Amino acid sequence: MAILDKIVKPMIAGLGITSKRLGHSRPTVMYPEDKREQFPRTRWRHVLTRHDDGLEKCIGCSLCAGACPARCIYVDAGENTEENRLSPGERHAVRYEINMLRCIFCGYCQDACPTGAIVLRKDFELANYDREEFIFTKEMLLEPALSERSK
Amino acid sequence: MSELIQLGSHNERPMPPKADELNLRFSEQAIKELEGLKTHYPNLKACILPGLWIAQREYGGFLDGDAIAEVAHRLSRSYAEVQGVATFYSMYNTVHNPGKHKIEVCTCLSCHFNSAYRIRDYVSKKLGIKNGETTADGMFMLEEVECLNACDRAPVVQVGDRYFGPVDEKSIDALLEELRASEESTVVKMADQIVQVQLKAEERVGTIR
Amino acid sequence: MAAATDIQTVNIIVNGIELAVPKGELVVEAVKRLGLEIPIFCYHPRLKPVGMCRMCLVETGMKNPQDGTIRMMPKPAAACTLPVSEGLVINTESDALKKDRKGVLEFLLINHPLDCPICDRGGECPLQNNTLFYGPATSRFIEQKRHNVKAYPLSDYVTLDLERCIQCARCIRFTEEISGDSQLAFRFRGNKTHPITFNETKFTSKFSGNVIEICPVGALTNRKYRFRARPWDLQTSEAVCLNCSNGCNIWFDHRAGKVVRINARTNEAINEEWTCDKGKFGHDYYNDEKRLETPFARTGDELQKADYATVYAKLLEAFHGDNTGMILGDSLSNETYITAQNFFTGQLGSHNIDYRFSANQAKGASTVDNSIASLELAKTTLVFGTHLADDLPIVFLRVRKGWFNQGTQVILATDRSDEVSEFAAHTLVYKPGTEATIAKAFAGQVSVADAAAKCGISEPELQAAITAAAGATVITTTSLNHEAAEVLKALDGNFNAYPTGANERGAQLALACDGLSALEQLKKAANGELSALWVVGVDLFSVGLPREEVIRALENVDFLAVQDSRRTETFYYASVALPMTLPAEQDGSYTNCEGTTQQMKAIIPPVGQAKPAWRVFEELSIRVNPRMPFSQASEILASAPAFA
Amino acid sequence: MAEYKLLLKHSDDPATQTLAGYKKAGGYSGLAKALKMERQAVIDEVKTSGLRGRGGAGFPSWIKWNGLPKEKVKPHYVLCNADEGEPGTFKDKMLMETAPFQLIEGMTIAGFAVQGDVGYIYIRGEFIDAAKALRKAIDEAYANNLLGKNILGTDFSYDLHIHLGAGSYECGEESALMSSLMGERGMPRLKFPHAPLPTVSGVWERPTLINNVESYSCVPHIIDKGGEWYATLGASTKNSRGTKIFSVSGHVNKPGNYEIEFGTPLKELLEMAGGVKGGKLKACIPGGSSMPVIKPDAVDVAIIGYEEMGEVKSMVGSGGCMFFNEHTDIVMLAWRTAHFYANESCGKCTPCREGTRWMVQIMDRIVAGNGQKGDMELLTEVANNVEGRSFCALGDAAAWPIKAFIRQFPEEFEYWIEHGKSPVTSKEALALVP
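Just so you know, the sequences run in chain order A, B, C and D.
Residue numbering for the first sequence follows this note's numbering, starting at 6 and increasing by one per position.
Residue numbering for the second sequence follows this note's numbering, starting at 18 and increasing by one per position.
Residue numbering for the third sequence follows this note's numbering, starting at 177 and increasing by one per position.
Residue numbering for the fourth sequence follows this note's numbering, starting at 10 and increasing by one per position.
One or more hints might be untrue.
Pairs of lysine to aspartate or glutamate residues, derived as EDC-like cross-links and limited to a Cα-Cα distance of at most 16 Å, are as follows [stated by the list, open to error]:
1) C/251 x D/423
2) D/412 x D/423
3) C/378 x B/185
4) C/400 x B/29
5) A/127 x A/148
6) C/326 x A/81
7) D/45 x D/193
8) C/577 x C/448
9) B/217 x D/149
10) C/577 x C/552
11) B/62 x D/214
12) B/62 x D/193
13) C/251 x D/405
14) C/278 x D/214
15) C/616 x C/626
16) D/382 x D/423
17) D/382 x C/319
18) C/326 x B/185
19) D/286 x D/237
20) B/35 x C/376
21) C/434 x A/84
22) C/321 x D/373
23) B/142 x B/81
24) C/208 x C/269
25) C/326 x A/84
26) A/62 x C/291
Cβ pair distances, simulated, as ranges [stated by the list, open to error]:
27) C/412 x D/374: 53 to 61 Å
28) A/110 x D/430: 15 to 23 Å
29) B/188 x D/288: 23 to 31 Å
30) A/136 x C/274: 52 to 60 Å
31) A/106 x D/383: 47 to 55 Å
32) D/80 x C/720: 54 to 62 Å
33) D/235 x C/274: 48 to 56 Å
34) D/81 x C/581: 45 to 53 Å
These aren't lab readings, by the way, just hints derived from the structure by calculation.
Note that the structure is a prediction, hence the values are computed from the model and not measured.
C-beta: ideal position from N, C-alpha, C; glycine also.
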């Protein structure tokens with residue numbers, strides 16, 4: 006009896022739990038082939054957005070750098086000219102760099118941005134082999150213009 | 018607004034003129050009058066207003082940069098200061114060349130309620146110009162002005178040194194005809210008369226008419 | 177200056193606290209004694225009060241001396257224009273005042289654009305600060321804002337944005353009262369009022385940079401700093417300007433090891449809070465592409481990068497004895513001069529170490545009787561043979577301040593009229609080269625008639641000026657004709673021959689100057705009589721000597737060592753070259769024209785392998801004669817009796 | 010009470026515009042009398058007369074006269090404020106055109122009393138006719154030793170100059186007038202207690218006496234007939250003495266200048282001017298555009314006097330009295346008044362520079378039919394923020410009428426805001442909208 010109580014019964018109970026779960030859907034995602042949908046307010050990789058006409062929203066004001074508690078943003082600004090207009094108004098960012106190793110994804114930069122240029126979106130795959138690669142430049146952060154996106 | 022610097026001229030700024038580059042145009046009479054006015058005040062700065070009146074006459078009614086520079090030069094003041102003074106007062110024509118006759122329609126309270134805007138619109142339609150503009154032939158300028166303090170004669174129109182009021186469409190027609198026919202620029206005449214009345218009898222070169 | 181006991185005080189009541197303050201002091205200043213701050217825009221302590229912005233409104237009242245009752249005035253008054261009087265009662269905090277301040281700020285903001293994020297003033301803007309502390313949270317203004325020009329390049333240094341202007345007239349009052357050029361003025365009236373130059377011509381004031389700093393909004397901004405950084409990006413360090421001998425105190429703003437901007441730092445004894453444009457905008461040499469980063473040594477026709485050891489060996493081989501010379505620039509640190517003198521004369525045995533390129537820079541006539549600050553108290557000032565606004569800008573501002581505030585009588589004698597003649601009581605424009613004659617006329621050694629004829633001045637004018645100049649404080653520079661300087665020095669009043677080189681005064685003090693002068697060394701070198709020449713911190717092509725002479729000297733010397741911060745024209749003639757740090761990259765001290773020695777710390781890292789010149793001399797010195805070298809700049813200065 | 014012609018008594022007779030005619034009519038007896046008096050006695054006479062400044066503020070004149078240093082160190086200046094710009098006022102213009110000698114005599118007596126060296130008449134640039142009349146009179150006075158060196162054989166020497174302005178309402182403010190006279194922009198200067206009084210440090214930082222044309226014109230009569238006699242005029246009022254010229258305009262049958270004794274009911278003034286034309290009375294601005302508007306019921310009870318007008322919440326001001334009939338659109342009146350002050354603001358201080366423009370923008374919006382609920386409160390609030398906060402009185406002058414229009418006629422503003430059009434439907438009123 007001891008065998009029945011101590012071995013068989015638990016086995017049956019265990020199989021019972023397993024069999025109960027057979028009907029459930031599978032929670033494990035087959036990453037990286039499959040990716041789980043992120044929550045709407047997830048804060049991951051930064052993107053510099055554009056206006057509909059293709060001009061950059063970023064005006065190089067450095068408010069994000071000022072707000073950043075990790076001091077991981079570096080902005081160099083320049084003046085728009087008739088020939089070289091990157092953003093509306095007088096000023097644009099020449100260099101915009103984020104050190105992703107230091108970033109804590111707090112989203113303060115997004116709050117500070119007066120034009121809604123920098124936003125934290127759902128792209129979370131930030132791993133890399135080279136430390137240098139963690140300095141995200143403006144070219145990497147800037148979203149493609151509408152015209153290019155359709156291609 | 019016409020009184021603001023035009024946008025788009027964002028190139029390098031020219032240098033301010035040097036004293037020896039100025040094109041001085043004061044006549045001998047003007048120089049004499051200015052000397053007379055200088056004796057009225059303890060310093061040269063006080064002569065800026067009378068000096069600008071002389072310049073307004075000498076430069077044909079319009080105080081452009083040259084005129085202002087000449088007044089500043091003759092009174093040893095800075096150009097910017099004199100321009101600041103000239104642009105402050107509405108009777109100096111610093112922004113817009115007034116042409117030969119400046120028709121100033123008072124539209125302030127009493128005149129307003131005696132149909133001054135109707136008169137203004139009538140002049141405007143007749144001459145084909147808007148408020149603050151000069152006709153293409155440089156004959157007339159129309160300007161709305163604040164109270165001319167002749168409210169008993171509302172609505173009042175000032176042309177040069179003369180007041181006309183009360184005016185209506187008919188008298189405006191007659192006035193414009195008269196002005197068209199006259200040889201003399203009332204703008205210049207007004208500046209001249211203003212200079213003359215400030216001079217003492219022994220200093221006066223021109224005449225009071 | 178009046179003794180402290182002479183100051184009359186009156187009793188006033190500020191927010192219920194009684195205090196005694198000097199009679200006539202403005203309320204806005206008086207309340208600072210209690211640590212209170214009244215918000216201001218148009219008020220500036222160094223400009224005459226105008227009371228335009230109405231930000232500083234306070235409630236005022238009078239205390240009845242008999243029964244002690246207080247009667248408050250119905251209307252608030254501007255604190256920036258109200259002088260204190262006996263029994264004055266002031267309230268700086270009340271609900272009504274809060275509302276007044278909100279109202280004024282709302283008015284200021286209705287036509288102020290919301291472009292703080294791109295404005296160079298954003299982050300250090302008095303309008304932002306006052307709005308944060310006293311302003312309304314929202315605006316009720318729904319109409320069209322006033323539009324005007326933006327980003328208008330008023331000069332090479334100043335950008336004007338008229339939309340941001342709040343018409344406080346600080347810039348205008350500066351050009352009228354301080355710099356004296358009156359190049360800015362208000363144009364038009366009412367809500368069209370805006371400050372601008374005559375016909376929008378170039379703003380050519382020599383002190384235009386100051387209007388940027390005193391502008392309480394971003395209407396006047398620095399064109400060279402435009403969009404270079406935001407205030408929170410910057411690191412700020414105390415420094416001394418070394419573009420001329422006045423030694424203005426400055427804030428050195430740098431970002432990521434690069435200088436981006438220079439602002440004035442208050443020092444009442446020297447520059448008060450002003451700078452000249454040369455100092456404020458002349459900092460390009462720090463970020464120059466031609467900075468010298470490594471030592472160089474010549475191999476055949478080519479200068480090739482080398483290491484210090486190689487260059488040191490070559491130097492020690494080439495330099496010994498009186499057949500060699502060293503020419504020093506006049507803007508090096510005191511430590512450089514001290515160590516150079518010790519090393520070159522003490523270790524290498526040559527007395528030919530000097531900084532003087534002009535025969536007039538004799539040491540004897542370089543007396544300085546007046547400090548810069550004391551110049552404004554002079555009764556009569558004779559400015560002789562110098563264009564003050566160019567040569568000694570801060571001295572110019574002091575002389576003008578003396579004239580403007582105390583009515584100092586200024587007499588100018590120079591070869592062309594300049595900024596000083598705008599306010600000088602007498603201006604004498606003499607023919608170039610006749611300085612000595614006119615100086616003798618002032619001393620009565622030549623008859624006025626003769627001097628007038630020779631110098632091209634009318635006789636009565638000269639006579640009037642000479643009469644007026646009795647006992648005057650003389651201001652001139654060390655480059656004045658030697659003969660004239662000696663004559664003027666012998667006159668009754670104070671005599672000031674201010675040096676013009678940034679640390680010429682330090683060079684005067686530290687160098688013995690008992691060998692060949694720099695000029696004589698070059699002459700000797702041109703004749704091939706100098707075996708080696710060492711040029712430190714000076715480009716021989718920019719000291720005003722004829723080019724051919726300099727080339728001949730440089731080509732005929734056997735060994736030329738150049739120690740400089742950048743690849744100057746002289747560098748290309750060098751046998752060996754050493755990179756040198758600039759003032760902000762090294763510790764050092766500098767002595768300004770009045771003799772004040774000011775310390776400066778290393779602020780930004782040196783470029784490449786550049787070293788302070790004194791360290792090079794010390795390193796070479798221990799190679800010749802092993803001893804414990806100086807390791808810090810302060811030790812060197814302490815060792816020199818001239819700077820004790 | 011009827012008209013009392015004291016200052017205007019010569020106005021109908023062109024002969025008094027010559028020196029001979031003026032003397033014949035009794036002119037220059039005041040100066041002759043004054044020159045025989047002690048200087049202080051002249052000032053005391055003005056004190057006895059109870060003369061108050063006729064420019065608008067009503068400040069007792071003798072205090073100014075008495076304020077100039079008795080021990081003369083620097084030159085003393087006597088200024089006449091003839092920069093009449095207040096909408097609705099045209100009395101100074103008439104006084105200068107028709108009685109120039111009266112003003113010159115008054116200024117000469119003032120110059121004598123305060124040991125003046127030079128007098129300046131600062132005339133508004135537009136008043137060339139007035140300036141011409143004065144110039145003619147001054148030339149004649151110089152030729153007859155009534156100006157210049159040793160006047161009438163005494164040791165009193167006095168120069169009188171005419172200085173014309175160039176178009177700025179603000180220069181009617183006394184410190185702005187001084188700025189303008191000194192060749193600056195016509196911006197007001199610091200006033201007591203922020204700076205010394207003009208009587209101590211005025212133009213060119215020297216002692217200066219400044220008064221209005223009408224005030225100076227009273228002086229010959231005060232000296233000639235005695236201060237006590239002058240004080241009997243207007244004795245029925247609390248503290249206003251003498252006569253006052255009112256410039257009556259607007260919707261009246263006989264617009265013009267009417268001189269009355271203080272204490273005369275406002276209603277009588279309206280009757281003198283021939284009553285309202287084109288309908289019933291709707292509103293009255295009694296003292297120039299800066300003064301608060303009053304309604305007909307107040308017009309019925311108002312007594313003209315500096316203190317008395319306060320009882321109907323208005324002021325005597327400069328005496329520019331405007332009557333408006335029932336076809337008047339009050340909002341248009343407010344709109345035009347707001348424009349006037351915005352155009353004439355000098356731009357020196359923030360509240361006036363920005364506030365007047367804001368008020369114009371709100372008024373423009375209402376008149377364009379885009380008024381919003383709350384605009385009336387906002388206008389009042391803006392006016393409150395301008396009033397008392399501005400550098401000079403122009404800010405107050407801009408705020409008072411707007412506030413009064415809203416206070417007295419709120420229903421008209423409400424109608425405009427709600428319907429986007431005028432509550433007055435007559436043809437005349439509709440023509441007013443530009």
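Here is how each hint holds up against the structure:
1. Among the hinted pairs, residue 251 of chain C with residue 423 of chain D is inconsistent with the structure: their alpha-carbon atoms are about 31 Å apart, more than 16 Å.
2. Simply put, residue 412 of chain D and residue 423 of chain D have alpha-carbon atoms about 14 Å apart, close enough for the 16 Å limit, and the pair holds.
3. Pair hint residue 378 of chain C plus residue 185 of chain B does not hold up; C-alpha atoms about 49 Å apart against a cutoff of 16 Å.
4. At roughly 15 Å between alpha-carbon atoms, residue 400 of chain C and residue 29 of chain B fall within 16 Å of each other, so this suggested pair holds.
5. For the proposed pair residue 127 of chain A and residue 148 of chain A, the alpha carbon gap of about 13 Å is at most 16 Å, so the pair holds.
6. Between residue 326 of chain C and residue 81 of chain A the alpha-carbon distance is near 21 Å, which puts this suggested pair outside the 16 Å criterion.
7. Of the pairs offered as hints, the one joining residue 45 of chain D and residue 193 of chain D is violated, with about 39 Å between alpha carbons and a cut-off of 16 Å exceeded.
8. Among the hinted pairs, residue 577 of chain C with residue 448 of chain C is consistent with the structure: their alpha-carbon atoms are about 11 Å apart, no more than 16 Å.
9. Of the pairs offered as hints, the one joining residue 217 of chain B and residue 149 of chain D holds, with about 11 Å between alpha carbons and a cut-off of 16 Å not exceeded.
10. Distance restraint check for residue 577 of chain C and residue 552 of chain C: the Cα-Cα separation of roughly 6 Å lies within the 16 Å cut-off, and the hinted pair is therefore satisfied.
11. Distance hint between residue 62 of chain B and residue 214 of chain D is fulfilled; the C-alpha atoms sit about 14 Å from each other, no more than 16 Å.
12. With a CA separation close to 8 Å, the supplied pair residue 62 of chain B and residue 193 of chain D stays within the 16 Å bound.
13. Simply put, residue 251 of chain C and residue 405 of chain D have alpha-carbon atoms about 11 Å apart, close enough for the 16 Å limit, and the pair holds.
14. The suggested pairing of residue 278 of chain C with residue 214 of chain D is violated, with an alpha-carbon distance near 35 Å, which exceeds 16 Å.
15. The straight-line distance between the Cα atoms of residue 616 of chain C and residue 626 of chain C is roughly 11 Å, inside the 16 Å bound, and the hint therefore holds.
16. As the CA atoms of residue 382 of chain D and residue 423 of chain D are separated by approximately 8 Å, the hinted pair is consistent with the 16 Å bound.
17. Using a Cα cut-off of 16 Å, the hinted pair residue 382 of chain D and residue 319 of chain C holds, with the two alpha carbons roughly 15 Å apart.
18. With a C-alpha separation of about 45 Å, the suggested pair residue 326 of chain C and residue 185 of chain B falls outside the 16 Å cut-off, and the hint is violated.
19. A threshold of 16 Å between alpha carbons decides the hint, and for residue 286 of chain D with residue 237 of chain D the separation of about 40 Å lies outside it, so the pair is violated.
20. Taking the CA atoms of residue 35 of chain B and residue 376 of chain C, the gap is about 15 Å. The hint holds against a cut of 16 Å.
21. Simply put, residue 434 of chain C and residue 84 of chain A have alpha-carbon atoms about 19 Å apart, too far for the 16 Å limit, and the pair is violated.
22. Straight-line distance between C-alpha atoms of residue 321 of chain C and residue 373 of chain D comes to about 14 Å, which keeps the hinted pair within the 16 Å bound.
23. Distance hint between residue 142 of chain B and residue 81 of chain B is unfulfilled; the C-alpha atoms sit about 28 Å from each other, more than 16 Å.
24. In summary, the hint linking residue 208 of chain C to residue 269 of chain C is supported, as the alpha carbons are separated by about 14 Å, within the 16 Å threshold.
25. A threshold of 16 Å between alpha carbons decides the hint, and for residue 326 of chain C with residue 84 of chain A the separation of about 13 Å falls inside it, so the pair holds.
26. For the proposed pair residue 62 of chain A and residue 291 of chain C, the alpha carbon gap of about 14 Å is at most 16 Å, so the pair holds.
27. For the hinted restraint 53 to 61 Å between residue 412 of chain C and residue 374 of chain D, the CB-CB distance of approximately 47 Å leaves it violated.
28. Under the hint 15 to 23 Å, the C-beta atoms of residue 110 of chain A and residue 430 of chain D, about 58 Å apart, miss the expected range.
29. Range check, residue 188 of chain B to residue 288 of chain D: Cβ separation about 25 Å, and the 23 to 31 Å hint holds.
30. For residue 136 of chain A and residue 274 of chain C, the hinted distance range of 52 to 60 Å is satisfied, since their beta carbons lie about 54 Å from each other.
31. With their beta carbons about 54 Å apart, residue 106 of chain A and residue 383 of chain D fall inside the hinted range of 47 to 55 Å.
32. In this structure the hint that residue 80 of chain D and residue 720 of chain C lie 54 to 62 Å apart at CB holds, the actual value being about 60 Å.
33. The given range of 48 to 56 Å is respected by residue 235 of chain D and residue 274 of chain C, whose C-beta atoms sit roughly 54 Å from each other.
34. A hinted range of 45 to 53 Å is violated for the C-beta pair residue 81 of chain D and residue 581 of chain C, which are about 27 Å apart.
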